[in-house]
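As they're listed, the protein sequences go chains A and B. Under numbering that gives the first Met the number 0, the residue at position 127 of the first sequence is numbered 126, and the numbers go up by one with no gaps. Under numbering that gives the first Met the number 0, the residue at position 65 of the second sequence is numbered 64, and the numbers go up by one with no gaps.
The reader is advised that the hints may include incorrect statements.
Residues from chain A that face chain B, not an exhaustive set, calculated with beta carbons under 10 Å [what the hints assert, rightly or not]:
#, residue
1, Ala-311
2, Ile-319
3, Gln-324
Source of the hints: derived by calculation from the structure; they are not laboratory data. Quick reminder that beta carbons are idealized off the backbone N, C-alpha and C, glycines included.
2 protein chains.
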Amino acid sequence: MTKFKQINGTIASPKGFTADATHAELKFQKLDLGVILSQVPAAVAGVFTTNKVAAAPVLVGKELVAGGLAQAIIVNSAIANAVTGEEGLTNVKKTQRLVAEKFDIDAKHVGVCSTGVIGKQLPMDKIALGISKLSAENGHATGFSEAILTTDLVKKEVVYEVELGGQTVTIAGVCKGSGMIHPNMATMLGFITTDAKIAQPLLQSILSEVIETTFNQITVDGDTSTNDTVYVLANGLAENTEIVAGTEDFDSFKSVLATVCQVLAKKIAADGEGATKLIEVSVSGAPNDLDARMIAKHIVGSSLVKTAIFGADPNWGRIISAIGQVAPFEVPDIELTIQGDLVLLHSTPVDFDQAVLSEKLKEPSIVVQVELNQGEHSGTAWGCDLTYKYVEINALYHS
Amino acid sequence: MTKFKQINGTIASPKGFTADATHAELKFQKLDLGVILSQVPAAVAGVFTTNKVAAAPVLVGKELVAGGLAQAIIVNSAIANAVTGEEGLTNVKKTQRLVAEKFDIDAKHVGVCSTGVIGKQLPMDKIALGISKLSAENGHATGFSEAILTTDLVKKEVVYEVELGGQTVTIAGVCKGSGMIHPNMATMLGFITTDAKIAQPLLQSILSEVIETTFNQITVDGDTSTNDTVYVLANGLAENTEIVAGTEDFDSFKSVLATVCQVLAKKIAADGEGATKLIEVSVSGAPNDLDARMIAKHIVGSSLVKTAIFGADPNWGRIISAIGQVAPFEVPDIELTIQGDLVLLHSTPVDFDQAVLSEKLKEPSIVVQVELNQGEHSGTAWGCDLTYKYVEINALYHS
Numbered sequence: 000m001t002k003f004k005q006i007n008g009t010i011a012s013p014k015g016f017t018a019d020a021t022h023a024e025l026k027f028q029k030l031d032l033g034v035i036l037s038q039v040p041a042a043v044a045g046v047f048t049t050n051k052v053a054a055a056p057v058l059v060g061k062e063l064v065a066g067g068l069a070q071a072i073i074v075n076s077a078i079a080n081a082v083t084g085e086e087g088l089t090n091v092k093k094t095q096r097l098v099a100e101k102f103d104i105d106a107k108h109v110g111v112c113s114t115g116v117i118g119k120q121l122p123m124d125k126i127a128l129g130i131s132k133l134s135a136e137n138g139h140a141t142g143f144s145e146a147i148l149t150t151d152l153v154k155k156e157v158v159y160e161v162e163l164g165g166q167t168v169t170i171a172g173v174c175k176g177s178g179m180i181h182p183n184m185a186t187m188l189g190f191i192t193t194d195a196k197i198a199q200p201l202l203q204s205i206l207s208e209v210i211e212t213t214f215n216q217i218t219v220d221g222d223t224s225t226n227d228t229v230y231v232l233a234n235g236l237a238e239n240t241e242i243v244a245g246t247e248d249f250d251s252f253k254s255v256l257a258t259v260c261q262v263l264a265k266k267i268a269a270d271g272e273g274a275t276k277l278i279e280v281s282v283s284g285a286p287n288d289l290d291a292r293m294i295a296k297h298i299v300g301s302s303l304v305k306t307a308i309f310g311a312d313p314n315w316g317r318i319i320s321a322i323g324q325v326a327p328f329e330v331p332d333i334e335l336t337i338q339g340d341l342v343l344l345h346s347t348p349v350d351f352d353q354a355v356l357s358e359k360l361k362e363p364s365i366v367v368q369v370e371l372n373q374g375e376h377s378g379t380a381w382g383c384d385l386t387y388k389y390v391e392i393n394a395l396y397h398s
Numbered sequence: 000m001t002k003f004k005q006i007n008g009t010i011a012s013p014k015g016f017t018a019d020a021t022h023a024e025l026k027f028q029k030l031d032l033g034v035i036l037s038q039v040p041a042a043v044a045g046v047f048t049t050n051k052v053a054a055a056p057v058l059v060g061k062e063l064v065a066g067g068l069a070q071a072i073i074v075n076s077a078i079a080n081a082v083t084g085e086e087g088l089t090n091v092k093k094t095q096r097l098v099a100e101k102f103d104i105d106a107k108h109v110g111v112c113s114t115g116v117i118g119k120q121l122p123m124d125k126i127a128l129g130i131s132k133l134s135a136e137n138g139h140a141t142g143f144s145e146a147i148l149t150t151d152l153v154k155k156e157v158v159y160e161v162e163l164g165g166q167t168v169t170i171a172g173v174c175k176g177s178g179m180i181h182p183n184m185a186t187m188l189g190f191i192t193t194d195a196k197i198a199q200p201l202l203q204s205i206l207s208e209v210i211e212t213t214f215n216q217i218t219v220d221g222d223t224s225t226n227d228t229v230y231v232l233a234n235g236l237a238e239n240t241e242i243v244a245g246t247e248d249f250d251s252f253k254s255v256l257a258t259v260c261q262v263l264a265k266k267i268a269a270d271g272e273g274a275t276k277l278i279e280v281s282v283s284g285a286p287n288d289l290d291a292r293m294i295a296k297h298i299v300g301s302s303l304v305k306t307a308i309f310g311a312d313p314n315w316g317r318i319i320s321a322i323g324q325v326a327p328f329e330v331p332d333i334e335l336t337i338q339g340d341l342v343l344l345h346s347t348p349v350d351f352d353q354a355v356l357s358e359k360l361k362e363p364s365i366v367v368q369v370e371l372n373q374g375e376h377s378g379t380a381w382g383c384d385l386t387y388k389y390v391e392i393n394a395l396y397h398s
């Protein structure tokens, strides 16, 4: 087992990182502009939305990752800079230059993220003024996790420590949102910093793998935003022996990164718009991991399953139907467990105490386990219930 | 143009068809068992759910269509006979025999459909008693459209007349539901009768084609039921010259059948659980029909689009994001019109009167038009808004 532990801290806990946040008047009163800075250029890995209508910051972000190094990530909330054409791209480049000048770093090493209204241009005068107020030294690091929020109710931040190559390595993550969580607002954003020493291509390959079983396995409303982005910055200041593939350190680092991503992903699912419950669906007995994950994600995304869980109804028929809708193979031997109670065995209903299970479904965390008996592979997905509040949040807001 | 007109009538309007309904005590008080009968065996075409957890009636229904002939369709509501194993299959066969004995027809020519709770066996004593009360002569034909309903608020029936091969041909359709529209309840069912003379293979090929642009283009909650079925029975009693491929009659018949299916499909979408508005999304300028239909259906199924329309919010960003999420090609030149108002041109926001458009979005029928400028193909999909009532219906019911 990898020895790692959760510690108190912020996105600026890993050696050589600082963070700050300010109110740039994009929102009414709240913090709305934040920056993460590394003392030295860090290896940067990134994954981005698959939405064909990708926002300007995503397009420029791909260039950043191709370059392999980042020293700052600047993030604004309130405006997504999506569907903004050439002007949108120009504004991303201008933001990079403003951050570079302010902190005396290379503009090519500045990542830019935005989240908020689609179709509106960034007010560059406000952005410029905001950047001028940010500090590289006495930063308000906890403010960063606040500045990136839109309709989120809670801040989402987690820090771990792990021993690697003779040194204590710290890895910190912060994120916001879930799917397109607000009317006209968008985006899941995740930022992870670490002082681990690791080459960029390896960091990218680990991130790309880990993302598939963590951030990509959550759903709130089935809508993929135009701005989704996760960055990992590794600046090497822990001075551990460089992590290389196939070693124990590699496995440990990957495990911690996966844990950070999973903890953050679950925080997003639990804070989905209008949610009262976190739902975890595990599927085992699939012919391959991909199908297991796909089926788990489809179940947790089903409006009928989500409303049943909101109503504390052990409605297993909806879960079975959701499986049948997407399984690319026959499923004649399903075993289904809800909150630890077996409700279906060999695809045949089992007697269970409806009232007892309904009580268990009032808990804030719901676990559904599906055994397909068609193979040895498994996958998990996370989501939340569908409530009146979700409809209210998304219908009453006017763009 | 094909000359056809809508007339008043029922599923029993085409020559040689009768229909009846009764209360078999499956529901508390309402009609819950109905039958459609043809004086002579009719060519039968059918399409069924793609859900891997197909209900027993669907499995037997595929045999019916393979046989090519049907003389009766018996339908019960309240119990879906899905996830019921061998006993479920035995009960379908038993129902076929009971109907065959009652009406002196061949059991192989009896179609059986069920809709309702998953995982419960049919009470065969009640079914038998119900069948004994059904009549082939003085049937309650309008009752049939009522007996098949679950949470539907309105009956859905339509009849057309068309001149074919020197005769007046009548084509009548009735349907219920939409997706899995009720907690533990299921199913879209559609039944179409016609006295047209047409060979079974041709009828099946027309139905399979027409279904793709009509019933398969509606969505209420994105969940495909275990019991979805559409049957067309053509008994030839209009004595028209047999319809063969490549003729004007063929085109006319296909066009009427498509109209019947489309009218019924829109009725289902408008009566989706909790719906206050029918939403129609048309996508043009796609490289092929399939992509156009897929994009249209994805837009109309997006929870964020559905809630925005419930809230009368002209939130075009959500529509654009939904396109980008599923388009398998680049979409740099989108033109978007909502209720006749242009809101986006060349993928660039256009000034429009937000207040005026918001007023137009309070109408009961909403039309969204998307021009992708990537080809010459188009497709349409129908759905409804997502409301508090939808959550209520699906959360408060207890299985």
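Here's how the hints hold up against the structure:
The interface hint given for Ala-311 (chain A) holds, since its Cβ lies 8 Å from the closest Cβ of chain B, which is under the 10 Å cut-off. The interface hint given for Ile-319 (chain A) is met, as the beta carbon of that residue sits about 5 Å from the closest beta carbon of chain B, less than 10 Å. The interface hint given for Gln-324 (chain A) holds, since its Cβ lies 5 Å from the closest Cβ of chain B, which is under the 10 Å cut-off.
Comparing the model with each numbered hint stated earlier shows that all of them hold.
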